[in-house]
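K.L.:
Listed here are the chains, written in short residue letters.
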Amino acid sequence: EVQLVESGGGLVQPGGSLRLSCAASGFTFSDHYMDWVRQAPGQGLEWVGRTRNKVNSYTTEYAAFVKGRFTISRDNSKNSLYLQMNSLTTEDTAVYYCARERAAKVGAVECDSWGQGTLVTVSS
Amino acid sequence: DIQMTQSPSSLSASVGDRVTITCRASQSISTYLNWYQQKAGKAPKLLIYAASSLQSGFPSRFSGSGSGTDFSLTISSLQPEDFATYYCQQSYSTPYTFGQGTKLEIK
Numbered sequence: 001e002v003q004l005v006e007s008g009g010g011l012v013q014p015g016g017s018l019r020l021s022c023a024a025s026g027f028t029f030s031d032h033y034m035d036w037v038r039q040a041p042g043q044g045l046e047w048v049g050r051t052r053n054k055v056n057s058y059t060t061e062y063a064a065f066v067k068g069r070f071t072i073s074r075d076n077s078k079n080s081l082y083l084q085m086n087s088l089t090t091e092d093t094a095v096y097y098c099a100r101e102r103a104a105k106v107g108a109v110e111c112d113s114w115g116q117g118t119l120v121t122v123s124s
Numbered sequence: 001d002i003q004m005t006q007s008p009s010s011l012s013a014s015v016g017d018r019v020t021i022t023c024r025a026s027q028s029i030s031t032y033l034n035w036y037q038q039k040a041g042k043a044p045k046l047l048i049y050a051a052s053s054l055q056s057g058f059p060s061r062f063s064g065s066g067s068g069t070d071f072s073l074t075i076s077s078l079q080p081e082d083f084a085t086y087y088c089q090q091s092y093s094t095p096y097t098f099g100q101g102t103k104l105e106i107k
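Line order of the protein sequences matches chains H and P.
For the first sequence, position 56 matches number 56 in our numbering, and the numbering has no gaps at all.
For the second sequence, position 62 matches number 62 in our numbering, and the numbering has no gaps at all.
Keep in mind that a hint or two might mislead.
Claimed, not checked - Simulated crosslink set (DSS-like; lysine-lysine; CA at most 27 Å straight-line):
no., chain 1, residue 1, chain 2, residue 2
1, P, K42, H, K78
2, P, K107, P, K45
3, P, K39, P, K107
4, P, K45, H, K105
5, P, K103, P, K42
6, P, K45, H, K78
What the hints assert, rightly or not - Reference listing, derived: stretches of chain P covered by chain H, where coverage requires no fewer than 3 residues with Cβ under 8 Å from a Cβ of chain H:
no., segment
7, 26-33
8, 49-60
9, 74-80
10, 92-101
No wet-lab data here; the hints were simulated from the structure.
Even for Gly, the Cβ is constructed at its ideal location relative to N, Cα and C.
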């Protein structure tokens with residue numbers, strides 16, 4: 001069974017940093033692209049970024065709003081995904097989800113498994 | 001970035017009703033369109049992928065259709081457990097973008 005478990009959320013002051021982790025199990029982690037998606041309180045879903053798989057050299061890409069503040073990394077020996085967040089603002093307050101990408105068929109890419117999320121609150 | 005416009009933003013319906021939610025992309029995305037179901041306080045769940053493929057674990061009363069720019073999600077006969085918020089998402093190109101969501105409420 002695929003499992004994704006996020007941790008590391010909490011209260012941080014504006015301008016501060018936080019590192020989120022996502023522990024993966026039940027699948028070959030290095031084979032999959034992995035994404036971060038966030039959801040501000042009472043709002044919709046917003047894609048943060050992703051890291052590609054081993055075949056694609058684990059390269060990363062980000063949403064524009066990240067503006068160099070966030071870094072996605074992975075440790076395949078630990079089956080773990082990370083999101084390092086710096087220069088946080090109140091607008092970064094959200095539940096952060098990690099999600100596994102899958103391409104079940106030609107013409108498809110989807111996030112088929114999600115963690116339970118971890119809440120990041122940026123406030124003074 | 002590809003904009004996803006979902007409608008309606010909220011919908012009140014009764015058990016047994018047939019409901020349809022639509023999603024429009026700002027440019028053609030072929031069939032790179034997914035639907036997610038999210039219940040209050042929970043993570044989203046993949047419901048439909050590749051515009052029309054039903055994810056394992058969901059009943060056949062859910063169906064998706066469309067290609068290019070216009071897509072729809074239909075629930076043929078609403079059940080109490082279907083009341084949730086539904087999001088479309090394009091996965092044609094990054095940044096992946098979501099519709100604003102449709103909150104399906106009990107009438």
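K.L.:
Compare the structure with each hint and give your call.
P.N.:
Results of checking the hints against the structure:
no. : hint            : result
1   : P:K42 to H:K78  : holds (26 Å)
2   : P:K107 to P:K45 : holds (24 Å)
3   : P:K39 to P:K107 : holds (17 Å)
4   : P:K45 to H:K105 : holds (18 Å)
5   : P:K103 to P:K42 : holds (14 Å)
6   : P:K45 to H:K78  : holds (25 Å)
7   : 26-33           : holds (count 3)
8   : 49-60           : holds (count 4)
9   : 74-80           : violated (count 0)
10  : 92-101          : holds (count 8)
Violated hint: 9 only; the structure is consistent with all others.
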